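Please take these sequences and the hints and turn them into a complete structure.
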Amino acid sequence: MLKIKNNTKININEIPILQIKDFREEIISLNFRPIGFFGKSSENDSVRLFAVLADDKAGDIYISSTKFSADEKSYECLTKEIPAFHIFEREFYEQFGVEPLNHPWLKPVRINQDKYEFFEMTGEEVHQVAVGPIHAGVIEPGHFRFMCNGETVYHLEIMLGYQHRGIEELMLISPSNQLAESICGDSVIAYNTAYSQIMEILQDVTISDRAQLIRKAALEMERMAIHIGDLGAIAGDIAYLMGASVFGATRTLVINTMLEFCGSRFGRGLICTGGVNYDFTEEKLNQALKTFEKVIKDVERMVNTMLKSSTVMSRLEKTGTISMERAKEAGLVGMAARAAGVELDSRFDFPDKWMSELKIEKKKFKATGDVNARFKLRYKEILQSYSMIKKIFAKLQECKNQDLFTSASNNLSQNSLAISIVEGWRGEVVHIAMTDGNGNLSRYKIKDPSFNNWYGLALAVRNNGVSDFPLCNKSFNLSYSGNDL
Amino acid sequence: MILRLIADIIILLFAPFLMAGLIKKTKAFWGGRKGPSVFQPLYDFIKLWKKDYVISKTTSGVFRIAPVVMIVSVLFASMFIPLASGSSVVSVAGGLIVFAYTLSIGKFFALISAMDTGSSFEGMGASREACFTSIVEPAFFITVGSIMALSGNYTFDSLREIFANAGHYGILIAIFAVVVLFLMILIEGSRVPVDDPATHLELTMIHEVMILDNSGSDLALYTWANGIKMLLISSLIAFIIIPAGLNEWVNVLAYLGVMALISVIIGTVESGMARIRMSHVFEFIFIMSSLALVVFALVTAKMFGG
Numbered sequence: 000m001l002k003i004k005n006n007t008k009i010n011i012n013e014i015p016i017l018q019i020k021d022f023r024e025e026i027i028s029l030n031f032r033p034i035g036f037f038g039k040s041s042e043n044d045s046v047r048l049f050a051v052l053a054d055d056k057a058g059d060i061y062i063s064s065t066k067f068s069a070d071e072k073s074y075e076c077l078t079k080e081i082p083a084f085h086i087f088e089r090e091f092y093e094q095f096g097v098e099p100l101n102h103p104w105l106k107p108v109r110i111n112q113d114k115y116e117f118f119e120m121t122g123e124e125v126h127q128v129a130v131g132p133i134h135a136g137v138i139e140p141g142h143f144r145f146m147c148n149g150e151t152v153y154h155l156e157i158m159l160g161y162q163h164r165g166i167e168e169l170m171l172i173s174p175s176n177q178l179a180e181s182i183c184g185d186s187v188i189a190y191n192t193a194y195s196q197i198m199e200i201l202q203d204v205t206i207s208d209r210a211q212l213i214r215k216a217a218l219e220m221e222r223m224a225i226h227i228g229d230l231g232a233i234a235g236d237i238a239y240l241m242g243a244s245v246f247g248a249t250r251t252l253v254i255n256t257m258l259e260f261c262g263s264r265f266g267r268g269l270i271c272t273g274g275v276n277y278d279f280t281e282e283k284l285n286q287a288l289k290t291f292e293k294v295i296k297d298v299e300r301m302v303n304t305m306l307k308s309s310t311v312m313s314r315l316e317k318t319g320t321i322s323m324e325r326a327k328e329a330g331l332v333g334m335a336a337r338a339a340g341v342e343l344d345s346r347f348d349f350p351d352k353w354m355s356e357l358k359i360e361k362k363k364f365k366a367t368g369d370v371n372a373r374f375k376l377r378y379k380e381i382l383q384s385y386s387m388i389k390k391i392f393a394k395l396q397e398c399k400n401q402d403l404f405t406s407a408s409n410n411l412s413q414n415s416l417a418i419s420i421v422e423g424w425r426g427e428v429v430h431i432a433m434t435d436g437n438g439n440l441s442r443y444k445i446k447d448p449s450f451n452n453w454y455g456l457a458l459a460v461r462n463n464g465v466s467d468f469p470l471c472n473k474s475f476n477l478s479y480s481g482n483d484l
Numbered sequence: 000m001i002l003r004l005i006a007d008i009i010i011l012l013f014a015p016f017l018m019a020g021l022i023k024k025t026k027a028f029w030g031g032r033k034g035p036s037v038f039q040p041l042y043d044f045i046k047l048w049k050k051d052y053v054i055s056k057t058t059s060g061v062f063r064i065a066p067v068v069m070i071v072s073v074l075f076a077s078m079f080i081p082l083a084s085g086s087s088v089v090s091v092a093g094g095l096i097v098f099a100y101t102l103s104i105g106k107f108f109a110l111i112s113a114m115d116t117g118s119s120f121e122g123m124g125a126s127r128e129a130c131f132t133s134i135v136e137p138a139f140f141i142t143v144g145s146i147m148a149l150s151g152n153y154t155f156d157s158l159r160e161i162f163a164n165a166g167h168y169g170i171l172i173a174i175f176a177v178v179v180l181f182l183m184i185l186i187e188g189s190r191v192p193v194d195d196p197a198t199h200l201e202l203t204m205i206h207e208v209m210i211l212d213n214s215g216s217d218l219a220l221y222t223w224a225n226g227i228k229m230l231l232i233s234s235l236i237a238f239i240i241i242p243a244g245l246n247e248w249v250n251v252l253a254y255l256g257v258m259a260l261i262s263v264i265i266g267t268v269e270s271g272m273a274r275i276r277m278s279h280v281f282e283f284i285f286i287m288s289s290l291a292l293v294v295f296a297l298v299t300a301k302m303f304g305g
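Same order as they appear, the protein sequences are chains A and B. The opening residue of the first sequence carries number 0 in numbering that gives the first Met the number 0; numbering runs sequentially from there. The opening residue of the second sequence carries number 0 in numbering that gives the first Met the number 0; numbering runs sequentially from there.
By construction, these hints were calculated from the structure, which means they are not laboratory data. Since the model is a prediction, treat every value here as computed from it, not as a measurement. Just so you know, even glycine gets a beta-carbon here, dropped at the ideal spot from N, CA and C. Please note that a few of the clues may not be correct.
Claimed, not checked - Quick look at which bits of chain B chain A covers, simulated, 3 or more residues with Cβ under 8 Å: (1) 28-34; (2) 188-195; (3) 266-280.
Said to hold, decoys possible - Quick list of in silico lysine-lysine cross-link-like pairs, DSSO-like style, CA-CA up to 27 Å: (4) A:K39 <-> A:K72; (5) B:K49 <-> A:K293; (6) A:K379 <-> A:K358; (7) A:K307 <-> B:K24; (8) B:K33 <-> A:K296; (9) A:K389 <-> A:K379.
What the hints assert, rightly or not - Some chain A residues near chain B, calculated using beta-carbon distances under 8 Å: (10) V130; (11) I133; (12) A238; (13) L240; (14) V311; (15) P469.
Listed below in structure tokens is the structure:
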């Protein structure tokens, strides 16, 4: 397999094309975590299958491929050996029709939902509760089917795809920053950063330090804002009114700071290929620091009040628990995985130069895998983001007179594959782009952390009360549109 | 007499909504918000009342009559409870039984009307409600029944005679009885920590999910009926607290004061704690049952121990 680093490109022709047997054996023997497993149509109706694996300890990315000719329509699945592949193989089957044989659960990922037959538990006392795809409130569409015995959930099946917009195809027709930031509305900065980095790699542009730092600060502000909002949502779900009010108010302060910086509360339009569109001026930075100090003080106080309240703790503790083994096996990523003790954080696993320069270090966290852990981890990450923001803002003062924007030719390098991993607040956002011989995009693959984590939610609610599902769901807060693309 | 009746009718019409409004206002206060006007629930009721209703095709006649049965049952039950004026319209021995089971008729219809819709949510809500009600009921009977046994007078009037009949024990009995009834308001009125009236999450609801299919004037009747139910139990608390022999108008004022106080306390309780886990609701209701047994023990001690 070919070894590369994050935020780099390689020539597609360098990627080995293995026989399917060797391809499988190599993946199984390496036993790294899949971050990309996708097909690409090539000549004579054949399909080239790429596997991108992450070695998080070493910070390396391995890439390899195999080819299926037009009449090869199946292969022995990988899921049996490495369960984390299950969703990737389902997606590959759905997109290219090459069947992974002996796959335990070849359920549709995004299309043909109505043809699928759900698992059914039988028995006198078993009842099914079907929720959605249209929900009360303002959340996105998704269908949840609970197999319950009384109040206890035995199994939850999640059916998604109702938000499928064909983003990957749209990316080939009209790639733009606007499209990238509308893929998943709560991770605007993460998605736009990943897309811009891909484009900059393919155009051989290196952006200024100032622009890099502004992007980094915006990413941490996004993390802070959404995490605070989620703390509020968790408080709201357990009818803890004060928490919901305080976190709601403080989140507004954070997103309004973003509004001050770039005219959009969610950071739309801030980042562009080649740099950033708006400067973080000194005056605004100082104002922002003042606001954040107040926000952190309020959040700290509220979180401590909540953690001391017995009624709150009785709701959070031991609800929606997912063990480390399960989380690893199912291939969870990001915050949900960290809360279960799987230390995956691409900010530290695939560090950029700033992580060492600003001396940003990983924090220890006592992971218990329940809602409580996800609640506390959010809080810890808010504090961490705050300290990162302070360092980044200080560094920004040092590199004052740099260009915000570095122009480049619009020509992308030919026959290349570029990869960019950005740790959004939910987890790793992986963008992989390929170009053809004319320098046009020929494949754009996106992986949202929700793609891995939805199954984790299904595992977490097993043996919990059905009335605790909304709480578990909020503690994961997964994206529908990021998954459905 | 006529004046008193009119006063009671006015109270039944407005007080439930004002209480709901006051609870919301209190919650807004603790949440640092301004909150809607205290009259908002009343406006909502009027708005719903003017609206037409939609009836699902899968339902039968039960679904249609249930809201009416519900409101008639609580209005009928209200005749047995002393409201603002300090005396009830009907005062008979054993009124407690009639009161409790008239309310149950309404609840029974609400339950089967929820099941009638065939929705899995509403079935779940109905089973939760039925389950919790069945444990609340004995506690209510034990508390009020004990107090009645103490006075030997099996009408609700005996609630007011606790102090006269029980001497020093009276104060303890009154405190425990008030707490039992207050917990009953939280449970029967579907308030936090048992239920969350503000949630939009169908899976966690108890009372709200049962009326998910009701709309317009049917929904208005349900909200009103639920409000009256809270009001009636609160009235029992007022009846215990407010001393006998006051001037009628002073009594009305004191009654309104107690109603307002109860609303503020409910609002404060809701602001200060999270909702308990569904499987722990039983434990919460058993607190109420245990306190009811304390009332029973105190009454027994007074009656047989001197």
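Hints and how they fare:
no.: 1; hint: 28-34; result: holds (count 4)
no.: 2; hint: 188-195; result: holds (count 3)
no.: 3; hint: 266-280; result: holds (count 11)
no.: 4; hint: A:K39 <-> A:K72; result: 14 Å, holds
no.: 5; hint: B:K49 <-> A:K293; result: 47 Å, violated
no.: 6; hint: A:K379 <-> A:K358; result: 18 Å, holds
no.: 7; hint: A:K307 <-> B:K24; result: 26 Å, holds
no.: 8; hint: B:K33 <-> A:K296; result: 23 Å, holds
no.: 9; hint: A:K389 <-> A:K379; result: 16 Å, holds
no.: 10; hint: V130; result: 7 Å, holds
no.: 11; hint: I133; result: 12 Å, violated
no.: 12; hint: A238; result: 4 Å, holds
no.: 13; hint: L240; result: 5 Å, holds
no.: 14; hint: V311; result: 5 Å, holds
no.: 15; hint: P469; result: 4 Å, holds
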